[in-house]
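*Asks:* Single-letter residue listing:
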Amino acid sequence: MALTKAEMAEHLFEVLGLNKREAKDMVEMFFEEIRAALERGEQVKLSGFGNFDLRAKKERPGRNPKTGEEIPITARRVVTFRPGQKLKSRVEAYAGPKP
Amino acid sequence: MTKSELIDVLAAGQNHLAYKDVELAVRCILDNMSNALASGERIEIRGFGSFSLHYRPPRIGRNPKTGEAVSLSGKYVPHFKPGKELRDRVNQAYQEELMAAEEEPAKVRERLVSTA
Chain A
1 MALTKAEMAE HLFEVLGLNK REAKDMVEMF FEEIRAALER GEQVKLSGFG NFDLRAKKER
61 PGRNPKTGEE IPITARRVVT FRPGQKLKSR VEAYAGPKP
Chain B
1 MTKSELIDVL AAGQNHLAYK DVELAVRCIL DNMSNALASG ERIEIRGFGS FSLHYRPPRI
61 GRNPKTGEAV SLSGKYVPHF KPGKELRDRV NQAYQEELMA AEEEPAKVRE RLVSTA
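Those protein sequence lines, which keep their order, are chains A and B.
The end of the first sequence is residue 99 by this note's numbering, with every number in the run present.
The end of the second sequence is residue 116 by this note's numbering, with every number in the run present.
Please keep in mind that the hints were generated in silico from the structure rather than gathered at the bench.
Treat the hints with care, as some may be off.
Straight-line Cα separation of at most 35 Å, DSBU-like style, residue types lysine-lysine; simulated pairs [what the hints assert, rightly or not]: (1) A:Lys86 x B:Lys84; (2) A:Lys5 x A:Lys88; (3) B:Lys65 x A:Lys45; (4) B:Lys65 x A:Lys20; (5) A:Lys45 x B:Lys81; (6) B:Lys75 x A:Lys57.
Build out the structure end to end from the sequences listed, making use of the hints.
*Replies:* Written out as structure tokens, the structure reads:
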């Protein structure tokens, strides 16, 4: 079981009374605007939840896992997520099954 | 971009909802996501990424002030894995920036030569 966009829209419909169309669009735009900001090279800070940061990675040696052939992994920019203190402590309190 | 800037962009991008409703909607989405993770549920957003919990086993830590050993119990931490579309868009934009930066010196040289 995982939370999906459809369930998030359903939640907006139930809790805030947005109509289904508005709720679906809102969830879609929420993620699209975060993606767009990151694409522009902007960090995204959602207080209470966490920050989406960008890191520039230098080129490094890699390998094709199928053939074992050595190929460089080109320089790139990647997204990392740093959970905020509030989210971290809430998740820490979760006493689920130990893997 | 901060949460309030995100709310501003979302409010400006549509004309059905009042600013206040957009604000509530963003808070509602984030609460929904936090609650899912706090109850051990994953989040999967196609094209954006997935959030899950990673387990950190118990360990012996140290109080940095006193040097005293303290046993820390196992815990979960939130983890985000970017989805393909997000990875590709972020990196594509970066490659374009890199190429534009490489072009700069050449343009400067060209201008210098032409005005010499």
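*Asks:* Evaluate each hint against the coordinates.
*Replies:* Results of checking the hints against the structure:
| no. | hint | verdict |
| --- | --- | --- |
| 1 | A:Lys86 x B:Lys84 | holds, 28 Å |
| 2 | A:Lys5 x A:Lys88 | holds, 22 Å |
| 3 | B:Lys65 x A:Lys45 | holds, 31 Å |
| 4 | B:Lys65 x A:Lys20 | violated, 54 Å |
| 5 | A:Lys45 x B:Lys81 | holds, 17 Å |
| 6 | B:Lys75 x A:Lys57 | holds, 29 Å |
The earlier numbered hint that this structure contradicts is number 4, and it is the only one.
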